Amino acid sequence: MNLIKSRLFQSTFWFRLAALFSLFLLGGCADNWGWYVVNPATETGRQNLAFLIDGLYYTMALSVTAISISICLGLIVALPGLSVRRMPKTINRVFVELVRAIPILVLILWVYYGLPQVAGISISVFWAGVLALAISDSAFQAEIFRAGIQSIDRGQYEAAQSISLNYRNTMRYVILPQAIKRILPALGNQLVYMLKMSSLVSVIGMQELTRRANELVVTEYRPLEIYTILVLEYLVVILIVSAGVRWLERRLDTS
Amino acid sequence: MTKPSTQPFIQIQNVSKYFDQFCALDTVSLDIALGQKLVICGPSGSGKSTLIRCINRLEIHEKGEIFIDGKIVDGSPAGRNVLRNNVGMVFQQFNLFPHLTIIENLMLGPLRARHLPESEARDLAMQYLERVRIPEQLDKYPAQLSGGQQQRVAIARALCMMPKIMLFDEPTSALDPEMIAEVLDVIEELADSGMTMICVTHEMGFARQVADMMLFMDHGKIVETGPPKTFFTTPKSDRCKLFLSQILRH
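The listed protein sequences correspond, in order, to chains A and B.
The first sequence runs 1 to 255 under this note's numbering.
The second sequence runs 256 to 505 under this note's numbering.
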C-alpha cells in the first residue's frame with residue numbers, strides 16, 4: 001500500500017504513464033488517426049478549426065453571464081440563511097436542498113421546454129441555458145457566501161454596530177468586502193465548474209464548444225480527433241481562467 | 256420624570272442578563288451623571304463587560320430598563336437613535352476594519368450613519384487622528400500599525416461619532432506592556448477634556464488617576480462603589496478586599 005502511495009507522488013511515474021499513453025494513442029493506432037480534419041495547413045482544416053474555436057464565444061458568454069447572475073442570486077439566498085429567526089432560515093434551506101437535488105441537465109431541459117409553457121413566455125436557447133446554469137449554481141454560491149460571511153469575526157459586527165451602521169451598510173461596507181476576499185478561491189472554482197457544465201447546454205442546441213464539436217463529428221466522422229481538440233479547448237480555457245483567479249487573489253491579498 | 260437638569264445621564268434600573276442558565280447580571284441598578292468617570296473592576300466573569308455591552312445593546316438584557324438622556328434604550332428606531340447620538344465604544348480587540356485604511360475606518364460612521372458630506376467627514380477624521388497623535392498613518396491599513404496605535408485609531412473612530420459618553424471594554428488588555436501607556440494617556444486626556452466615560456480595566460494606577468467613582472462587581476452584582484481614595488485604601492466588603500490584595504500585590 002505504502003509503495004503504491006509513494007509511487008503516486010513521484011513525477012517520473014506520471015511521465016512514464018503519459019509516455020505509455022501517447023505511444024498507445026499515436027503509435028499503436030496510427031492508422032486510425034486522421035488529423036487532416038483539423039490540419040491548419042489545409043483550407044478545410046482551417047475552416048473546421050475556426051468552426052470549433054468560434055464556439056468559445058458562446059461558452060464564455062454563457063458561463064460568465066450565468067455566474068454573474070448566480071453570484072447575485074446566491075447572495076440573496078445566503079442572507080436569510082444567516083438570520084437567527086426560523087422562517088428565513090427555512091426558506092434558505094428549502095431552496096438550497098431543492099435546487100441541489102436537480103441534475104443540471106434536467107434543469108436545462110425543463111427550463112427550455114417546460115418553462116415557456118408554464119409561464120407563457122418564449123425563451124431563447126441562450127437565456128434558457130443561462131437561467132438553468134444560474135439557478136443550479138446559485139445553491140452552491142449561497143452555501144459559499146454563507147460560510148464566508150460566517151467566517152467573519154463577531155467583533156466586526158459589534159464594531160459596525162458601535163458606530164451605528166444599519167444592517168445594510170454593515171453588510172455592504174464591513175462584512176461583504178472581507179467575506180468576498182475569503183471566498184474568492186471558491187468562486188474561482190465555481191467559475192471553472194460552470195465552464196465545464198456549460199457543455200450540457202449543447203443538448204438544447206446552443207452553439208458552444210461541445211455542440212460545435214458534435215456537429216462537426218456528424219459531418220466529418222472523425223470523433224477521436226475532434227473530441228481531442230474539444231478536450232484541449234476546455235483545458236486551455238480553464239487553465240487560463242484558473243491562472244486569472246490566482247492572479248486576482250494575489251492582488252487582493254496585498255491590498 | 257423629574258427635572259432634566261438633576262436627572263442622571265444614564266440610568267440603569269434593575270437590569271438582569273442571562274446566558275442560558277448563567278446569570279451574568281443580577282438586577283443591577285446604577286446612575287451615571289454627565290462628566291462622570293466610572294471605572295469598573297472585578298474578577299473575570301463578574302459581569303463588568305456585560306454591563307457596558309448592555310448599555311449600547313451589544314447584549315440585550317432580559318429584565319429592567321436602561322435610559323440614556325431620559326430616553327429608553329431598546330430595539331426601536333428611537334432607541335437606536337439615542338445610542339447613535341450618545342454612545343461610543345472601544346473594544347479589547349480593537350475591532351478595526353482590516354480592509355479599510357485608517358482614515359476610511361474613521362470616516363465610515365460619519366459618512367454612513369451620520370450622513371455627513373465627504374469633506375466634512377474627512378476633516379472630522381483628521382481632527383481626531385491628530386488628537387490621538389497619529390495623523391501621519393492615515394493611509395495605512397490597520398495591520399501595518401502597532402497594537403497601541405490600532406487602539407488609538409479605535410478610540411478616534413468612536414469619537415468621530417461625537418458621543419457624549421465613551422465605553423471602554425478592557426482597552427489595554429490585549430496590548431503589549433510597552434504600548435499600554437500611550438493608550439492610557441489618550442484616554443486620560445479625553446477624561447480631562449470632560450468626556451463622560453465608563454471603563455472596564457485592571458489598570459489600577461490609571462483608575463486611581465482618572466476615576467471619580469470606582470465600582471467593584473462580582474457574580475453579576477455591584478458589590479462596592481466609592482471614590483477611588485476610599486475604595487483602594489479602605490474597601491468595605493471582604494470580596495473586594497481580597498480582589499484588591501490580589502491585583503495590587505505586585
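It should be emphasised that the hints constitute simulated quantities derived from the structure, not laboratory data.
One thing to keep in mind: the hints can contain errors.
[What the hints assert, rightly or not] If you want the footprint, here are the derived chain A segments under chain B, 3+ residues with CB under 8 Å:
no. : stretch
1   : 41-54
2   : 103-115
[Claimed, not checked] With beta-carbon atoms standing in for the labels, derived distance ranges:
no. : chain 1 : residue 1 : chain 2 : residue 2 : range
3   : B       : Gly300    : A       : Arg93     : 34 to 42 Å
4   : B       : Asp394    : A       : Arg86     : 25 to 33 Å
5   : A       : Leu17     : B       : Asp431    : 54 to 62 Å
6   : B       : Ser331    : A       : Leu252    : 34 to 42 Å
7   : A       : Arg85     : B       : Ile327    : 34 to 42 Å
8   : B       : Ser401    : A       : Arg93     : 43 to 51 Å
9   : B       : Asn336    : A       : Val118    : 30 to 38 Å
10  : A       : Ser242    : B       : Gln464    : 55 to 63 Å
11  : B       : Asn340    : A       : Tyr167    : 54 to 62 Å
Values in this document were obtained by computation on a predicted structure and should not be read as measured data.
Backbone N, C-alpha and C fix where the C-beta goes; we use that ideal spot for every residue, glycine too.
Checked hints:
{"no.": "1", "hint": "41-54", "in the structure": "violated (count 0)"}
{"no.": "2", "hint": "103-115", "in the structure": "violated (count 0)"}
{"no.": "3", "hint": "Gly300(B) to Arg93(A): 34 to 42 Å", "in the structure": "holds, 36 Å"}
{"no.": "4", "hint": "Asp394(B) to Arg86(A): 25 to 33 Å", "in the structure": "violated, 45 Å"}
{"no.": "5", "hint": "Leu17(A) to Asp431(B): 54 to 62 Å", "in the structure": "holds, 55 Å"}
{"no.": "6", "hint": "Ser331(B) to Leu252(A): 34 to 42 Å", "in the structure": "holds, 39 Å"}
{"no.": "7", "hint": "Arg85(A) to Ile327(B): 34 to 42 Å", "in the structure": "violated, 24 Å"}
{"no.": "8", "hint": "Ser401(B) to Arg93(A): 43 to 51 Å", "in the structure": "holds, 45 Å"}
{"no.": "9", "hint": "Asn336(B) to Val118(A): 30 to 38 Å", "in the structure": "violated, 48 Å"}
{"no.": "10", "hint": "Ser242(A) to Gln464(B): 55 to 63 Å", "in the structure": "holds, 59 Å"}
{"no.": "11", "hint": "Asn340(B) to Tyr167(A): 54 to 62 Å", "in the structure": "violated, 19 Å"}
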